[in-house]
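A.B. asks: One letter stands for each residue in the lines below.
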Amino acid sequence: MIIDLLAGAVRGGTSIMYAGLGETVSERAGVINLGTEGSMLLGALGGYAVTAHTGNPWLGVLGGAVAGALLSLVHAVLVVSRGANQFASGLTLYFLALGVTALFGVSYVSTQINAFDDVPIPGLSDIPGIGPVLFDHDPLVYIAFFAAPAIWWVLFRTRVGLLVRTAGERSEALGVNGYSVKAVRYWSTIAGGALAGIGGAHISIAYADSWFENMIAGRGFIAVALVIFAMWNPIRIMAGAYLFGAALSLASVLQTAGYAVNQFALAAIPFVLTLIVLAVLGKRTMLAAPDELSRVFDNSRTA
Amino acid sequence: MSQETKGTVDGTAAVAAAIVATAVPAEVPTDRGPRISAGWSTALRWLVAVLAGLILFSAFVLANGADPIAVYSDIWTSTLTQSGQFQQIILRAAPIALAGLAVVVPARAGLVNVGGEGQLIIGGIGAAAAALWLTPLMSPWVVVIAMMLSAMVAGALWAGIAATMRLVVKVNEAVTTMLLNYVALYTMLFLILGPWKDPKALGQSTSVELNDAAKLPVIAGTQIHIGVIIAVIAAIAVWFALTRTTWGFRLSVVGGNGEAARRAGMPVVTLILTALLIGGALAGLAGFVQYAGMEYKLRPTFGLTIGYVAFLASWLSRHKPLPLLVASVVLAAIAVSGNSLQINSGLPAASVNILMGLLLVAVLGWTSPRKATS
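If you read the protein sequences in the order shown, they are chains A and B.
For the first sequence, my numbering gives the first residue as 1, with consecutive numbering after it.
For the second sequence, my numbering gives the first residue as 304, with consecutive numbering after it.
There could be a bad hint or two in this list.
[To be verified] Chain A stretches covered by chain B per the calculated footprint, using a threshold of three residues with CB under 8 angstroms from any CB of chain B:
(1) 73-86
(2) 264-275
[Said to hold, decoys possible] Chain B is faced by these chain A residues, among others (derived, beta-carbon under 8 angstroms):
(3) L62
(4) L91
(5) L93
(6) G99
(7) R165
(8) A225
(9) A246
(10) L250
(11) A251
(12) L254
(13) Q255
(14) T256
(15) M286
Read the hints as simulated data drawn from the structure, not as lab findings.
Even for Gly, the Cβ is constructed at its ideal location relative to N, Cα and C.
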């Protein structure tokens, strides 16, 4: 049962991890995107539709990334170029995505696709305990193992990452050195949306193997919370995503094992946990926030 | 703004910004002339924004193989020309307006309350709890009053969690209120699938239906219940409190510059706390109206998306209580039109979210009188 739970955590946490990593990139550049949920929805439908038409789930992942990126591009235009409020813009785009996916998703509701299969890693998947938890999944789960360290490396060890973080910490320094803050924020937000789109595509073409209206069911908002929980650090995003994944799969695992549990009491756990963590580590957590992001929080323009 | 002064923007953009700046005079003009032209300019921007939204929505409809003109005329005839539908719109608008006021009040103090959704659900739970326990004991009128108070207290306490975290550990309320939305939703689902489950409910689980005598009374000859009047009164009260009282003035000082307010000796902590508590109480009131006036029972979809729509309604009205009433009716009309869209054109009801999203994108991005920094 523990093994089922941990395997479920890895499987269920993967989409949240992609979205959380994307949100980390965009928030590191100073842009908070509540539209992550929308990017995931578009990614789920985009991925599903492309897979349905081409028969190739890898193209589906690409389609999901493009769909997610397109929505975050709108966010970037509104927020970076037009100075719109970040929270209002993100929420607006969530509704836009909800509508667009409802409209175009109808025709895919009962379509069968060539979804990702689980690919057990030869040798490793036979290890008792660790094997089924880590090495008996679809390819996107494996890629996620490397995505978090890779994004950490890019953010903290490369020039591009330095630009992104500077846009989030002290944007005027970019201007002084001849870089455009706007361009950096645009690209970071778009990259964030693409990652969220991949997360959404994971749900539709690897996790649920189907499309239905509003199928992301709040995972994008969880990802936004996760970024704070993880203090804007990709490695902690990875740990946090699996933790949230475990909490999400806890109910079904317990029910399969024959325990009569009210699944909704358990579903609230990740959110309560995040609130408790914020309450306990609140000050420290918010100190870890990129400076320009704190500015968004503290002086959100409300008129 | 800081980006532009640092020379990161090229010349043409600066010129464009200057043109925009001259075309749209400052908000507080000194003489009559600019005010009128500012009004026209704003009206024009709104017109273009709305038209752009409608045209883009047509493109979406067209791309899906439906005839946009038929869709619009269906929406028009079935939504706006039948008095029954019009009443539906008004009924839908009431909780949106109340939950919108829950955004307006904190916004005046510079706070972002994304938690209307959860505060509304908790308000519904508070109302349902009062109904559950008091119906056998008290007269219906007492039950109605108790439900209302219970809902407001519950909503205020829920927002109070976010206020406490903001004041004690400095965690931003936008984050906590959003997380609390999910805790509220799952609390309600826990209740209606567990202790409050109606054993007679068929299909989806719900709580026991509210006693007929305790349902909100309707205005004679219509379906309009007094929740609509409550919403209008609340909007006027909020308008008065924000524009005609010391408290309202101090809130806007805190919202403008918290540090200045602190140095001027204003009780910033109390102001932030009261703004969020009152906001929560208003969203709780929305939950009460939705429960006792519309749905009569808690169900998994109770009040779904009202809080988020209300957040956008508040932005649409630039956080002004009276325009908020108009914005609520507009967004309610779009939501109601989704039903006719589904029936007449066979498109999913949720498609109208596109129209709402596009309108808001246009309004957020292109009707602002000044260019704000992000």
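A.B. asks: Hints first: check each against the structure and report whether it holds.
C.D. replies: Hints and how they fare:
1. Residue count for the segment 73-86 of chain A with a Cβ under 8 angstroms from a Cβ of chain B: 10. That meets the three needed, and the coverage hint holds.
2. For a cut-off of 8 angstroms, the count of residues in the segment 264-275 of chain A with a CB near a CB of chain B stands at 8, and the three-residue condition holds.
3. Interface hint at L62 (chain A): violated, since its Cβ lies 21 angstroms from the closest Cβ of chain B, which is beyond the 8 angstroms cut-off.
4. A hinted interface residue such as L91 (chain A) counts as satisfied when its beta carbon comes closer than 8 angstroms to some beta carbon of chain B; here the least separation is about 6 angstroms, so the hint holds.
5. Taken as an interface hint, L93 (chain A) checks out: its beta carbon lies about 7 angstroms from the nearest beta carbon of chain B, inside 8 angstroms.
6. A distance limit of 8 angstroms between C-beta atoms decides the matter here; for G99 (chain A) the minimum to chain B is near 3 angstroms, and the interface restraint holds.
7. Among the interface hints, the one on R165 (chain A) is violated; its C-beta lies about 17 angstroms from the nearest C-beta in chain B, farther than the 8 angstroms criterion.
8. Interface hint at A225 (chain A): satisfied, since its Cβ lies 5 angstroms from the closest Cβ of chain B, which is below the 8 angstroms cut-off.
9. Of the supplied interface hints, the one on A246 (chain A) is violated, with its beta-carbon coming no nearer than about 16 angstroms to a beta-carbon of chain B, more than 8 angstroms.
10. A cut of 8 angstroms between beta carbons decides the hint on L250 (chain A): the least distance to chain B is about 13 angstroms, and the hint is violated.
11. With a cut of 8 angstroms, the hint placing A251 (chain A) at the interface with chain B is violated, because the nearest CB-to-CB distance is about 11 angstroms.
12. A cut of 8 angstroms between beta carbons decides the hint on L254 (chain A): the least distance to chain B is about 15 angstroms, and the hint is violated.
13. Annotation: interface hint on Q255 (chain A) violated; nearest CB of chain B at approximately 13 angstroms, more than 8 angstroms.
14. This hint is violated: T256 (chain A) has a C-beta 18 angstroms from the nearest C-beta of chain B, more than the 8 angstroms allowed.
15. Proximity of M286 (chain A) to chain B holds as hinted, the smallest CB-CB distance being about 6 angstroms (cut-off 8 angstroms).
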